[in-house]
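Trainee: So you can see what is in the structure, the chains are spelled out below.
There are 2 protein chains.
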Amino acid sequence: MSDSDKPKKPQLIQPRTLKGFRDYLPESMIPRERLIQIAREVYRSFGFSPIDTPTLEYLEILTGKGSDETDRQLYKFQDHGKRDVGMRFDLTVPLARFVAQHINELGTPFKRYHIAPVWRGENTQRGRYREFMQCDFDTIGTLSVAADIETGLVINALLSAIGFERFTIHINNRQVLNGLLEKQGLSEQATPVLRSLDKLAKTGEDKVVAEMIATAGTTEEQARSVLTMATLEGTDQEILTQLKPLVRGSELGEAGVERLEQILAGLQSGGVPSERIKLDVSIARGLDYYTGAIFETFLDDLPNIGSVCSGGRYDNLAELYTKRQLPGIGASLGLDRLLAAMEELNMITKVKTPADVLVTYFDKGSLGKYLEIAASLRTAGIKVELYPDTKKLGQQLKYADARGFDYAIIAGEDELSRDALQIKDLKTGQSTEHLIANAATELAAIIKKADSH
Amino acid sequence: MSDSDKPKKPQLIQPRTLKGFRDYLPESMIPRERLIQIAREVYRSFGFSPIDTPTLEYLEILTGKGSDETDRQLYKFQDHGKRDVGMRFDLTVPLARFVAQHINELGTPFKRYHIAPVWRGENTQRGRYREFMQCDFDTIGTLSVAADIETGLVINALLSAIGFERFTIHINNRQVLNGLLEKQGLSEQATPVLRSLDKLAKTGEDKVVAEMIATAGTTEEQARSVLTMATLEGTDQEILTQLKPLVRGSELGEAGVERLEQILAGLQSGGVPSERIKLDVSIARGLDYYTGAIFETFLDDLPNIGSVCSGGRYDNLAELYTKRQLPGIGASLGLDRLLAAMEELNMITKVKTPADVLVTYFDKGSLGKYLEIAASLRTAGIKVELYPDTKKLGQQLKYADARGFDYAIIAGEDELSRDALQIKDLKTGQSTEHLIANAATELAAIIKKADSH
Numbered sequence: 003m004s005d006s007d008k009p010k011k012p013q014l015i016q017p018r019t020l021k022g023f024r025d026y027l028p029e030s031m032i033p034r035e036r037l038i039q040i041a042r043e044v045y046r047s048f049g050f051s052p053i054d055t056p057t058l059e060y061l062e063i064l065t066g067k068g069s070d071e072t073d074r075q076l077y078k079f080q081d082h083g084k085r086d087v088g089m090r091f092d093l094t095v096p097l098a099r100f101v102a103q104h105i106n107e108l109g110t111p112f113k114r115y116h117i118a119p120v121w122r123g124e125n126t127q128r129g130r131y132r133e134f135m136q137c138d139f140d141t142i143g144t145l146s147v148a149a150d151i152e153t154g155l156v157i158n159a160l161l162s163a164i165g166f167e168r169f170t171i172h173i174n175n176r177q178v179l180n181g182l183l184e185k186q187g188l189s190e191q192a193t194p195v196l197r198s199l200d201k202l203a204k205t206g207e208d209k210v211v212a213e214m215i216a217t218a219g220t221t222e223e224q225a226r227s228v229l230t231m232a233t234l235e236g237t238d239q240e241i242l243t244q245l246k247p248l249v250r251g252s253e254l255g256e257a258g259v260e261r262l263e264q265i266l267a268g269l270q271s272g273g274v275p276s277e278r279i280k281l282d283v284s285i286a287r288g289l290d291y292y293t294g295a296i297f298e299t300f301l302d303d304l305p306n307i308g309s310v311c312s313g314g315r316y317d318n319l320a321e322l323y324t325k326r327q328l329p330g331i332g333a334s335l336g337l338d339r340l341l342a343a344m345e346e347l348n349m350i351t352k353v354k355t356p357a358d359v360l361v362t363y364f365d366k367g368s369l370g371k372y373l374e375i376a377a378s379l380r381t382a383g384i385k386v387e388l389y390p391d392t393k394k395l396g397q398q399l400k401y402a403d404a405r406g407f408d409y410a411i412i413a414g415e416d417e418l419s420r421d422a423l424q425i426k427d428l429k430t431g432q433s434t435e436h437l438i439a440n441a442a443t444e445l446a447a448i449i450k451k452a453d454s455h
Numbered sequence: 003m004s005d006s007d008k009p010k011k012p013q014l015i016q017p018r019t020l021k022g023f024r025d026y027l028p029e030s031m032i033p034r035e036r037l038i039q040i041a042r043e044v045y046r047s048f049g050f051s052p053i054d055t056p057t058l059e060y061l062e063i064l065t066g067k068g069s070d071e072t073d074r075q076l077y078k079f080q081d082h083g084k085r086d087v088g089m090r091f092d093l094t095v096p097l098a099r100f101v102a103q104h105i106n107e108l109g110t111p112f113k114r115y116h117i118a119p120v121w122r123g124e125n126t127q128r129g130r131y132r133e134f135m136q137c138d139f140d141t142i143g144t145l146s147v148a149a150d151i152e153t154g155l156v157i158n159a160l161l162s163a164i165g166f167e168r169f170t171i172h173i174n175n176r177q178v179l180n181g182l183l184e185k186q187g188l189s190e191q192a193t194p195v196l197r198s199l200d201k202l203a204k205t206g207e208d209k210v211v212a213e214m215i216a217t218a219g220t221t222e223e224q225a226r227s228v229l230t231m232a233t234l235e236g237t238d239q240e241i242l243t244q245l246k247p248l249v250r251g252s253e254l255g256e257a258g259v260e261r262l263e264q265i266l267a268g269l270q271s272g273g274v275p276s277e278r279i280k281l282d283v284s285i286a287r288g289l290d291y292y293t294g295a296i297f298e299t300f301l302d303d304l305p306n307i308g309s310v311c312s313g314g315r316y317d318n319l320a321e322l323y324t325k326r327q328l329p330g331i332g333a334s335l336g337l338d339r340l341l342a343a344m345e346e347l348n349m350i351t352k353v354k355t356p357a358d359v360l361v362t363y364f365d366k367g368s369l370g371k372y373l374e375i376a377a378s379l380r381t382a383g384i385k386v387e388l389y390p391d392t393k394k395l396g397q398q399l400k401y402a403d404a405r406g407f408d409y410a411i412i413a414g415e416d417e418l419s420r421d422a423l424q425i426k427d428l429k430t431g432q433s434t435e436h437l438i439a440n441a442a443t444e445l446a447a448i449i450k451k452a453d454s455h
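As given, the protein sequences belong to chains A and B, one line each in that order. Residue numbering for the first sequence follows the working numbering, starting at 3 and increasing by one per position. Residue numbering for the second sequence follows the working numbering, starting at 3 and increasing by one per position.
Read the hints as simulated data drawn from the structure, not as lab findings. Incorrect hints may appear among the rest.
Pairs involving identical chains hold if they fit within one copy or between any two copies, as the list cannot separate such chains.
[Claimed, not checked] Below 20 Å or equal to it, Euclidean Cα-Cα: the simulated DMTMM-like pairs (lysine to aspartate or glutamate) are: (1) K21 / D81; (2) K78 / E133; (3) K21 / E235; (4) K185 / E260; (5) K280 / E263; (6) K325 / E107; (7) K325 / E345; (8) K393 / D365.
Can you make the complete structure from the sequences, with help from the hints?
Mentor: Have a look at this one:
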């Protein structure tokens, strides 16, 4: 090819994102960052520490315990050193590996939070994303009911801090169900029994009983006793009263009920309003893994979106990686689900800027003055954007509106000759004149007053 | 294999991380999160908005402009849909793709920050990591000097907020160098000239001149004039005075010097102490890409670790993905380098907990009381961990020491019978008794007083 044949400009590459992956523009990233920051602050207020782990792990670490489905969804490849590696698909497997590796240095109880993306090659037709944020907290190395109670306290604090008032934390204890199964001689058949029980809402009691008899080989009486427990209703106290005879004689079941009582009492001591707590014997959260207290959280105004914060107690976090038995308890805040709910409930003010004020710029010779004004506002804790170009005032105000600024500072030759500026409230359209020397204090007061409304 | 042959427990998987990847334990993650949070707050205070982009991009997006070296280092593979994908190796290429894709919705000026990990299959023998955090801010869609000035203001605000007082922001303008080359008729040979110039510190003036003559085909006079400029010394004003005659006659060069003067004046108006600013004609930051103002930032106490915050102005961010010309300016905070420097300068207090206070727990019957105390402290803004097990007080205090708590709350039967508790200052070892009803307010005051020291 001769030089003259070479195209001067290569063809444009189409700018696009992969299916199942998302760009976050400011409008969606600002509420996201707010939520993540609130989660951090709440976790810290209970003494949970931040950790982070690598995005890539040895494949054998990730596939150790995974189901066939997680294995299929794993993003995996060979790295430059021909190692088989994969991108983490949750934060629990990396936590298990992390704790097994560092437990001597970490000590127990070890309380950590971890807020980070995970990847799964999901079927996007189900509306799933292939990259999403997880937001987990766990307490490792203690069997104490204090840690169970704290899990509920953290959930209450998280949702309250985000701005929810009407939500219900559903609580159960796997020990109770396991105790009943033990008492009925069904411990060995727990898996098929629970699998049938899971269909209760869909198929009704009689079909579930029939299935338990057919697939788990229970008697009708055994099946009915499991159903009796799973369908208990009433106040927490009423349910506890009905539970006790059902598990009597099973050490596990009795201990489970006692622990539920302690958890409910502890949540009250810790300040959770009683209407936010519900003992719910119908939740099991999957067949394996969880062995004690279980939590699910529903928004009273949007129960159908499912649990927005779930978790529970497990006996042995890191059994694949260490002989040391590490019990723990934790839960995970469902960021995407919460953000969708907040949008639906109009809890999110749509803005495209994190700043409070736009300083307009329409006199090139006064740039130094505008820079001084912006700096003095920032010193007073006000977030300020200085418009970079000397466009017409109308254009700059249109920009301020589109971005969602609350205020604009306007200082033309006129105002500057009086050492003054105007603060324009972009919601009301009203302007007030202030001396530059006082503007920072006065605007800070205006913003504070507006925020408190 | 018969059932009895099945191993009861599979062999343990060795818990380990991949070479070049790091776990962050609380002790290192707490200062990291603090730094990132400061960066967020500073960026926001100037009106930069957060965005995020996917970890994985179409390979063609990532390799569009990359050098052979970045291509070699790319983590790339085929996804489940047989698409060629890669993990982002910086935040600039994704920004270019993002802006090209969304510019109509974003509008200009578009100011964004992006704090996220990137991946490069680097040679770890050079002490490099394969996963590291980038922390970038950019203003897209304006040529205004106000944006150049602001870049320096943000750098000053970032380092001040982190806690540095002694640092120097080196500033140059590529237009000045390009203007001189233009005036000398060396525009076409810019690349070999600059490549030779880069060796100045290593080989000395005469060798550089010889190389320019040999590889770029300059005359001795041309080479000397480039060297004269690159070695100018003195105050910013003295350098400006010497620069002017060197670029006289080159429109680009004269404009470049004028712009440097505006930037220096603007930084002063914006409140940057003059000792933190240094006009430095020797910095070029690579041969391509940057076309205007350039910034590098050095810690006065550790200059040898290199620049901790660098960036500059570019003419056309997204030319591979859109016909629209998008000039901009931005810089990047070097998180890892800064954290290493802070450690070396003893600016980091080593703690393994983000909480202020450990509430000890040594009477099972009083758990409700401890939960109430912890809740009341949290309401006062105090970060509280409740020890979950009723171990001996000595063991709990040892734990508090190891974790780095400042205070412990001790309330045995004795204190509780008086509705009181003890606040133990773990640094001095002194305890004071407080009524439970007053403890939150009084401890908040104690913490505030200690923090202000």
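Trainee: Hint by hint, say whether it matches the structure.
Mentor: Against the structure, the hints come out as follows:
1. K21 / D81: Answer is between: at 11 Å across copies they meet the 20 Å cutoff, but 23 Å inside does not.
2. K78 / E133: Both, since 14 Å and 17 Å are each at most 20 Å.
3. K21 / E235: neither (44 Å within a copy, 54 Å between copies)
4. K185 / E260: Close inside one copy (17 Å), not across copies (88 Å); limit 20 Å.
5. K280 / E263: within (12 Å within a copy, 68 Å between copies)
6. K325 / E107: The answer is within: 16 Å in one copy meets 20 Å, while 55 Å across copies does not.
7. K325 / E345: Result: close neither inside a copy nor across copies, 46 Å intra and 35 Å inter.
8. K393 / D365: within (9 Å within a copy, 70 Å between copies)
The structure fails hints 3, 7 (numbered hints given earlier, in ascending order).
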